[in-house]
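J.: Chain residues, written in single-letter form:
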Amino acid sequence: MSNEFYALQVNGIRHEVRDAWVGESLLYVLRERLGLPGTKGACEQGECGSCTVIMDGEAVCSCLVMAATAVEADITTVEGLSSDGEPTDVQRSFVNAGGVQCGFCTPGLIVAVHHLLDRNPSPSDLEIKEAISGNICRCTGYGRIFEAVRQARDARTTDTSGGE
Amino acid sequence: MDTKTDSSTRSRFGALGTSALRPDGIPKVQGRFAFSSDAWADNMLWGATLRSPHPYARILSIDTSPALKINGVSAVVTADDVPGKLTYGLIASDQPVFARDFVRYAGEPVAAVAADHPETARRAIAAIKVEYEVLAPLVDAEEAINPSLEKIHPDGNVIRRQRIVRGDQNLVGDIVVEGTYEIGMQDQAFLGLEAALALPDDDGRGVELFVATQWLHEDQKQIAACLGLDTDRVRLTLGGVGGAFGGREDISLQVHCCLLALVTGRPIKMQYGREESFFGHIHRHPATIFMRHHADRDGKLRRVESRLVLDGGAYASTSSAVLINAVTHVQGPYQCENATVDGYAVRTNNPPCGAMRGFGVVQACFAHESQMDKLAEACGVSPVDIRLKNAMRTGDKLITGQVVESVAPVERCIRETAALPLPAPLPESPDPLEIPGGSGLTARKSNVRRGVGWGVSIKNLMYSEGFDDYATARCRLADGVATLQFATAEVGQGFVVLAQQIARTVLGVDTVLLEPITTAIGSAGSTSASRQTWMSGGAVDGACRLVRERLFEWVAKKNGLDPIRLAVEGTDVVDTMGTLRIAVEEATRGMTFDETFEHHHRPTEELDENGQGNCHVAFAFVAHRAVVDVDPELGLVKVVQIATAQDVGKVLNPLAAIGQIEGGIAQGLGLAVMEEIVLRDGKMRNPSFTDYLLPTALDAPEVIATMIEEPEPQAPLGAKGIGEPPCISVTPAIVAAIRAATGRQLPRTPVRPQDIVFGP
Amino acid sequence: MSVINATNIEEALAALQADPQARLIQGGTDLMVEVNFNRTKVQSVVSLRRIAELRRWHLDEDGKTLRIGSGVPYAEMERPPLSIHSPALAEAARTVGSPQIRAAGSLGGNLGTCSPAGDGLPVLSALDAVVHLRSHDSARDVSVHDFMVGVKRTTRQAGELIVAVSVPLLPGFQGYAKVGTRNAMVISAASSCLVHDAVGGSVRLALGAVAPTVVRAHDTEAWLATQISLTGTPKVNETLAREFGQRAARECAPIDDHRSTADYRRHAISVLAQRLLLRAANHSMGAQKGEVA
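Chains as they are written, first to last, in the numbering used here: chain W, 1 to 164; chain S, 1 to 760; chain G, 1 to 293.
For the record, the hints were derived by calculation from the structure and aren't laboratory data. You may find that some hints are simply not true.
[Unchecked claim] Keeping only pairs whose Cα atoms sit at most 27 angstroms apart, straight-line, the calculated DSS-like set for lysine-lysine is:
{"hint": "1", "chain 1": "G", "residue 1": "K235", "chain 2": "S", "residue 2": "K683"}
{"hint": "2", "chain 1": "S", "residue 1": "K129", "chain 2": "G", "residue 2": "K41"}
{"hint": "3", "chain 1": "S", "residue 1": "K683", "chain 2": "S", "residue 2": "K151"}
{"hint": "4", "chain 1": "S", "residue 1": "K683", "chain 2": "G", "residue 2": "K64"}
[Said to hold, decoys possible] Listing some non-contacts, in silico: residues in chain S with all C-beta distances to chain G over 10 angstroms:
{"hint": "5", "residue": "D42"}
{"hint": "6", "residue": "R122"}
{"hint": "7", "residue": "R235"}
{"hint": "8", "residue": "F290"}
{"hint": "9", "residue": "L441"}
{"hint": "10", "residue": "R565"}
{"hint": "11", "residue": "E633"}
{"hint": "12", "residue": "T696"}
{"hint": "13", "residue": "D699"}
[Said to hold, decoys possible] Stretch-level coverage of chain G by chain W, calculated; a stretch enters the list once three of its residues show a Cβ under 8 angstroms from a Cβ in chain W:
{"hint": "14", "region": "84 to 91"}
{"hint": "15", "region": "100 to 107"}
{"hint": "16", "region": "187 to 199"}
Ideal Cβ positions, reconstructed from N, Cα and C, are used throughout, including at glycine.
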């Protein structure tokens with residue numbers, strides 16, 4: 001397959017990418033070609049987590065995914081976490097708990113926390129810290145972010161146990 | 001915290017004193033908030049910058065023609081293309097838009113290109129041929145003081161020298177302790193990289209710039225001068241700002257981006273990558289500080305001596321102001337009548353340094369707090385007692401002779417910090433993630449020692465030395481809806497929610513709209529120096545109060561009352577001496593009240609040659625107690641807990657306040673144990689997030705904070721700025737805790753593993 | 001310029017044969033950093049991401065060898081069941097970058113890049129791993145010691161693909177320890193892997209980030225064998241462990257750089273080796289057997 005055009009499946013929608021440079025990262029293509037600037041870039045080397053997306057069920061740094069190799073992958077970005085445009089539980093908890101200051105790391109953290117809670121609905125505090133240890137936040141010192149994740153976790157756990 | 005206040009307005013959600021939620025919160029969590037790097041325009045080109053690889057070199061020739069031949073390249077500009085002033089700078093205009101004759105630091109801009117794709121732009125940059133005559137760089141700050149050395153810049157190698165001479169210059173204390181302390185170069189490392197979009201006017205004689213900055217009007221002034229345009233032909237709109245911390249106070253890509261837009265007639269987007277960002281903005285000054293403390297036998301501080309050398313790098317930026325902050329705060333939050341201080345900010349061929357959260361006081365504090373611990377030890381008292389004994393109070397004089405008129409609850413900060421609970425000891429079998437080394441599995445509990453350390457600080461608020469850094473705000477009230485306009489840079493701190501809280505409280509409205517943040521209104525000054533709550537908060541408060549006066553006059557006139565009888569209660573206007581009660585929304589139906597207000601702080605003075613004068617506006621104080629676990633054999637550290645009591649004046653938004661405190665502590669932790677730009681011969685060795693390490697979630701300590709509320713009479717809302725104090729004394733507190741755990745002297749920060757293992 | 005998204009090994013090998021200069025990409029965590037930082041101009045790429053075979057691992061039929069596909073992500077090594085078969089690899093994997101990196105990165109990339117600080121490499125060295133290489137017309141197995149030759153230099157030939165590595169399943173302690181100046185997401189300043197074969201009676205020690213490539217501390221291993229019996233639970237006291245560490249430190253050749261100093265690295269190796277040996281001694285033989293079984 002040449003790279004004259006390739007297709008990416010992002011947030012359930014097929015996008016065709018044409019006339020792209022071979023080295024373009026998924027981050028670049030999402031932001032500059034597909035009109036999805038919600039995913040942020042801050043280090044270009046997988047050391048900050050701002051560009052985290054879900055690819056085939058795994059949270060990965062989109063800056064380190066060569067876009068043209070992400071064909072056939074199922075990609076979810078921060079824009080695709082909610083189907084109806086309403087904020088998700090995690091998104092609300094970040095706002096309510098004060099986990100957002102400048103907000104630049106926020107989309108990557110939101111994706112990483114969704115990924116965590118979808119795999120492990122009741123992580124311990126240390127599991128939370130380890131799960132988001134690849135997402136650098138320079139503003140908050142993480143305190144309110146931990147609180148946001150705990151709030152989202154507790155709300156999910158309560159909902160589940162209530163149903164059992 | 002938000003319910004015990006007197007009036008019903010205060011407890012109304014969204015008013016002052018409540019944890020009102022920021023209006024940009026939901027867009028930010030959904031990825032819909034537009035940061036400056038998200039700006040986009042039809043037909044836009046990408047700009048990129050060519051930078052010097054050498055710390056010091058003469059430019060012999062620049063050949064841009066190979067770049068212009070590349071398909072997709074629209075323009076290449078150099079110093080020859082700068083139509084106006086060739087230099088810029090916040091205090092001294094000494095930094096070239098593009099280097100013309102010399103490059104003075106590795107990373108200095110030499111040319112810029114505009115191309116159809118970032119990759120094309122990168123190739124064009126690589127194609128430009130620059131011939132350099134490489135010169136031996138001046139990289140030693142101490143050496144730069146030597147007047148016989150060749151000047152590396154026409155303005156000279158000493159950017160500023162300031163002495164403080166006060167009281168008895170010959171006093172020798174019963175107890176004398178001294179030390180020389182070193183502070184490394186820290187980076188602001190805001191996550192949202194420098195980015196801007198410039199749109200040229202159709203007539204080619206003006207430009208509109210969307211940019212992430214800390215001070216729109218200062219940028220506007222400097223850009224216009226370099227472009228040779230009238231100031232009003234350069235219009236700025238704040239693009240979403242992904243953090244700042246001082247690193248966006250200086251010009252970075254602004255002039256380049258506008259110039260390329262004017263030259264090409266097309267929109268230009270520029271954004272730095274992380275590596276370029278390290279070259280593109282200033283850093284925290286590395287410093288060497290000698291201090292000698294004289295005290296009575298019981299530990300009462302009598303005299304401080306200090307010599308400070310701050311490395312300003314190649315260009316002045318705010319070095320002269322940073323130096324003044326360092327020398328005037330070098331005694332710390334302690335009473336001291338006699339001082340002999342000599343400070344230098346010098347020019348070298350290292351990367352330029354300027355503003356970073358704490359602004360000179362961080363460096364001074366590391367030295368004076370290290371000294372206070374030495375003094376405590378020499379006097380045989382505890383670190384807490386030595387600080388209590390010397391704690392400054394309102395009415396005391398600084399070593400500049402300035403009387404501290406601010407509320408100065410230093411003693412309370414210390415006592416209330418000491419009263420906070422210590423962390424539990426490590427469990428018998430701790431999770432590896434809880435001990436030094438983390439998942440590296442380097443240690444077991446038996447390898448770990450715990451230490452406790454203290455730091456206390458004083459920080460000036462607002463700009464100093466006679467500068468009138470006023471702030472402007474406008475308030476419009478119509479049909480029960482308030483609309484605020486200001487040019488205050490929202491960089492993440494949450495001024496946008498504070499402004500809404502003020503309007504809700506003063507005007508009794510629920511809906512407060514915010515106009516875009518642009519240069520269409522007067523300056524708000526810089527989002528720095530812990531000043532916007534006080535200054536822009538004061539301006540918004542003032543504008544809202546003027547509008548409220550107009551509202552009262554209108555209601556009074558309609559009801560035949562004296563407006564002085566009216567007040568806002570909840571969302572109503574009420575007659576305090578009668579029965580009238582009318583909803584603000586109803587009272588303003590069909591009406592528009594529109595007022596603009598400028599808030600000025602009280603005037604300050606310049607220092608005289610002896611460093612005497614009322615140069616600062618006001619002060620805030622804070623205490624930190626750090627608990628660390630150290631693996632002394634490997635030199636690895638885990639900060640367990642930071643306890644803090646901070647003098648905040650008044651808490652206006654508890655959630656935002658704790659966010660500032662925790663965030664500042666993390667930055668101070670970074671400077672204590674991991675963050676440093678490593679230079680060799682003037683070149684950065686670690687301009688990336690792989691090697692410039694920032695604290696992660698697993699490095700963040702537990703923070704327990706008390707906010708000391710003693711409203712500041714000078715402050716419009718009773719609140720002091722709270723942004724900087726959290727990051728200042730936490731660094732020496734952590735280093736002191738490491739000293740306590742290891743017995744090492746550790747005169748340098750950040751503390752590296754090898755310092756703990758091999759240090760004295 | 002082209003990108004080949006191979007779906008099986010044969011397709012990848014055919015593409016490599018046609019264009020031996022093509023860059024291989026699996027998780028992208030090394031190559032894309034080079035691309036993003038403008039340090040390499042990629043002309044053509046063969047992506048291995050969609051080759052399911054490279055993402056599989058299995059135990060050989062005799063139950064003595066673990067074969068791990070070159071594309072198995074670190075995240076999988078961290079977790080059972082794979083972590084049970086290779087505890088040191090699990091410990092090393094958990095120290096690689098961030099969770100996001102561990103979801104993408106793999107041993108194929110670690111070997112292919114062959115950085116002195118590669119976290120998986122000391123483990124492969126201590127386990128005497130075998131690297132399985134294939135090209136369109138041949139296949140060969142190379143000892144990991146022969147595969148790694150220097151800083152980012154290997155004996156992989158143009159046209160060859162690392163398809164898997166094999167490591168023996170050993171009864172006894174194995175552990176990995178790594179020093180960096182942050183408590184997570186940090187590049188190694190010094191690392192060490194110790195493997196104890198309690199039945200075969202040997203202790204192997206490999207050192208990372210302290211020489212151009214991973215160092216096997218052969219002299220130290222041989223010395224230890226002269227001091228105590230290495231079958232069953234090794235009887236180690238503090239003095240012996242300290243000397244073990246000091247000897248290991250003498251076998252490395254570290255440098256000063258912006259991440260650390262040579263002196264510190266050497267010292268760190270002595271401490272890590274000492275502590276790993278003590279961990280091995282304290283490790284219950286029975287429990288380890290149970291885990292491996």
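J.: Look at each hint and say if it fits the structure.
T.: Each hint, compared with the structure:
1. K235(G) to K683(S): The hint is violated at about 50 angstroms.
2. K129(S) to K41(G): This hinted pair holds, its Cα atoms lying about 20 angstroms apart.
3. K683(S) to K151(S): Holds, because 20 angstroms separates the two Cα atoms, which is no more than 27 angstroms.
4. K683(S) to K64(G): Violated, because 51 angstroms separates the two Cα atoms, which is more than 27 angstroms.
5. D42: D42(S) clear of chain G: closest Cβ-Cβ about 27 angstroms, beyond 10 angstroms.
6. R122: 6 angstroms, violated
7. R235: 33 angstroms, holds
8. F290: 26 angstroms, holds
9. L441: At roughly 5 angstroms from the nearest Cβ of chain G, L441(S) sits no farther out than 10 angstroms, so the non-interface label is violated.
10. R565: Its Cβ never comes within 10 angstroms of chain G, the nearest being 62 angstroms, so this holds.
11. E633: 5 angstroms, violated
12. T696: 5 angstroms, violated
13. D699: Non-interface label on D699(S) violated, nearest chain G Cβ at 5 angstroms vs cutoff 10 angstroms.
14. 84 to 91: Check failed, 0 qualifying residues.
15. 100 to 107: holds (count 4)
16. 187 to 199: This one is violated; 0 residues, fewer than the three required, reach chain W with a Cβ under 8 angstroms.
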